[in-house]
Every structure is written in C-alpha cells, then in structure tokens.
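Chemist: Okay, here's what each chain looks like letter by letter:
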Amino acid sequence: DQQVKQNSPSLSVQEGRISILNCDYTNSMFDYFLWYKKYPAEGPTFLISISSIKDKNEDGRFTVFLNKSAKHLSLHIVPSQPGDSAVYFCAASADNQGAQKLVFGQGTRLTINP
Amino acid sequence: DVKVTQSSRYLVKRTGEKVFLECVQDMDHENMFWYRQDPGLGLRLIYFSYDVKMKEKGDIPEGYSVSREKKERFSLILESASTNQTSMYLCASSSPGIQTQYFGPGTRLLVL
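Those protein sequences? They're chains H and L, same order as listed. Note that the numbering used here has the first sequence beginning at 824, numbered continuously upward. Note that the numbering used here has the second sequence beginning at 78, numbered continuously upward.
What the hints contain is simulated information worked out from the structure, not anything from laboratory work. Given the structure is predicted, the values throughout are model-derived calculations rather than measurements. Note that CB positions come from ideal geometry on N, CA and C, so glycine has one too. Some hints here could point you the wrong way.
Said to hold, decoys possible - DSS-like cross-link-like pairs, simulated, lysine-lysine; straight-line CA separation at most 30 Å:
#1 H:828 / L:80
#2 L:95 / H:828
#3 H:828 / L:132
#4 H:894 / L:134
Unchecked claim - Over the 10 Å line for every Cβ pair with chain L, so calculated as not near, a few chain H residues:
#5 886
#6 895
#7 897
#8 924
#9 926
Looking at chain L on its own, in the form it has when it is part of the complex:
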C-alpha cells in the first residue's frame, strides 16, 4: 500500500525560527512535491523534485527552501518563519510519467 508520511501533524513555532518539515515515501517514487493549502486558495505548489539532489521552484517558493539528499525523503525548510506561513503543508509523491500524486496526512503549522 502506498504510503507518504510527514514528521509532524501539528507544529507551533515562533516568528523568526527555522522550521524543518520532513516527508518520507516508501513507493520508490522519483517525483516529490511540497504544497500549502489555504482556505479559498486550494493547493499551491511550493517546490518539487524529480530526482535526488534536484529541485525546482513551484508557484510560491519565496521564504522556503528544500532538500532532497535521499530518494525517499524530501524536506521543506522555512528559513525564518513568518506569520503568513501559517498553513497546512502537504507533501506528495509520484512516479515519472504518472500524473496521480499520493499525499501525506499534512502538517498544520502555526507561526506565532
């Protein structure tokens, strides 16, 4: 069974803190994605990766960075958290040539 896990379900951080969100998939997928979900805005792509050590900006990369040192793990980094980064963060993975993405349970981040 396909599985994408995220390190935390809920996080509370202070403004200016560095925040790490971890995502692990066990499906040997090449592609991995980070989205944020906000009411009325749907899912917006932050960054994605199509191979180890490869990354590309999505639609809203500002204030974020990513790391993919191993195929199964994709990390999202908030260099200096701000209140407008309070959101639900969703990780997903997929195989090359396949549009269907499989999502993790999400991390709800609150930045105070």
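The following block holds chain H by itself, in its conformation from the complex:
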C-alpha cells in the first residue's frame, strides 16, 4: 500500500515559470515532510522540509505547502531554472516509526525547457 503518492510521473515547465509538484499521503500519523531532488547517477539531496505544525515553509525559490486536512503537500519552484531539471521525491516521517524512517513517493521527473 503506497502511503505517499506522487501521481504525476513527469512535468514539463518553461524556464522562468512556476513549477508545482504535488504529493498526497494516506497515513495521518505522518508529521514531518521532506522534498529531495535527484540527478541521474547521483544520490538524492535534501531540498526543503516542513513540520505538520506549519502550513508553509520557504527557502529561496522553493516553497513547500502543507494541507493536513487534505493530506496533501506541494513544492513550488519560482522561477524555474534549467538546473532544476531532476527527479523530485517527497517523503514523510512519523514519530512512531523510530529511527526517523522515511516513506518516499514514486518521484516526479521535472523538465525545465529553455
């Protein structure tokens, strides 16, 4: 059972526009959410996170929004740049998982077109 879902396998956005990546989860015990970015042949790198006590967190061009009632989070990238082309994974964690295990979504491949 996929507890974290990224329903869009791919997304194509023009350079300079906004990229919006979406993620849904089913486990109401998740209380911390993260986004990772992955280039081919490299490991994922941490991008931004949000605790369930917040509904928004911003870091430069990246903003994550959390809607707990809808069990939905999104990552906004503004403005999008060619270097943002990568696979983006959302991940979720619950306190009761010990060792802070993460549950990952399937990933969304973002392509920024010049």
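With chain H fixed as given, assemble chain L onto it according to the hints.
Modeler: Frame of chain H, contents of chain L only:
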C-alpha cells in the same frame, strides 16, 4: 561537509553470486539505511540500523541481509543475487531525532 560514500558506482554480477555493497559515512550518525530505487516505485527501504550491531527490516528485506560492525559502516549483502535485484541501491545516514537523511551517490547493480 556531510559525506556518505558507497564502494562502487556500477557493479555487474551473475545470478547466484554473493554480493556485498559497502557504505561509509563520516558524520558520526547513529542511523543508517539501505534503499533500492526502481522506476515508478520510488525509494523503498530494505534495512536500517540505529546503532552498531543493531538492524531492523524495512519494507522489502527478502533476499537481503545487512551488517553493521562499526558505526560508520553499513553493508548490504545479497546472499544469492537474482535478476530481480537489478536496481539502483542507495545508502543514507541520519542523526537520532533528525528526519533529514543524507544519501550516498548510489550503486547501480546489474545481475545477469
């Protein structure tokens, strides 16, 4: 700077071979994790360890085992490699109480 290294970037093995994947972190992290990444499936947790000599099964442990004899090193063992274990293997580490995990570059394993 945080660093997680994996012993090989690419490996080609034959069905039935015993395969060792090594991971080393230099951040003095207690927690270490092994994932595999497959297209359309994201990252799936195989095993993790929260202390030396401690290990716990993740979501897909079948066909794998692990070893953690030292804090900085976490090994993934494929006892008898099969073609369905062809995948990208990713190691990660984290501190207790901190959700952010730091990943190594990955090992792409091909089992023929």
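Chemist: Compare the structure with each hint and give your call.
Modeler: Results for each hint:
no. : hint          : in the structure
1   : H:828 / L:80  : 29 Å, holds
2   : L:95 / H:828  : 34 Å, violated
3   : H:828 / L:132 : 27 Å, holds
4   : H:894 / L:134 : 27 Å, holds
5   : 886           : 18 Å, holds
6   : 895           : 17 Å, holds
7   : 897           : 17 Å, holds
8   : 924           : 6 Å, violated
9   : 926           : 8 Å, violated
Violation of the numbered hints given earlier is confined to hints 2, 8 and 9; the remaining hints are satisfied by the structure.
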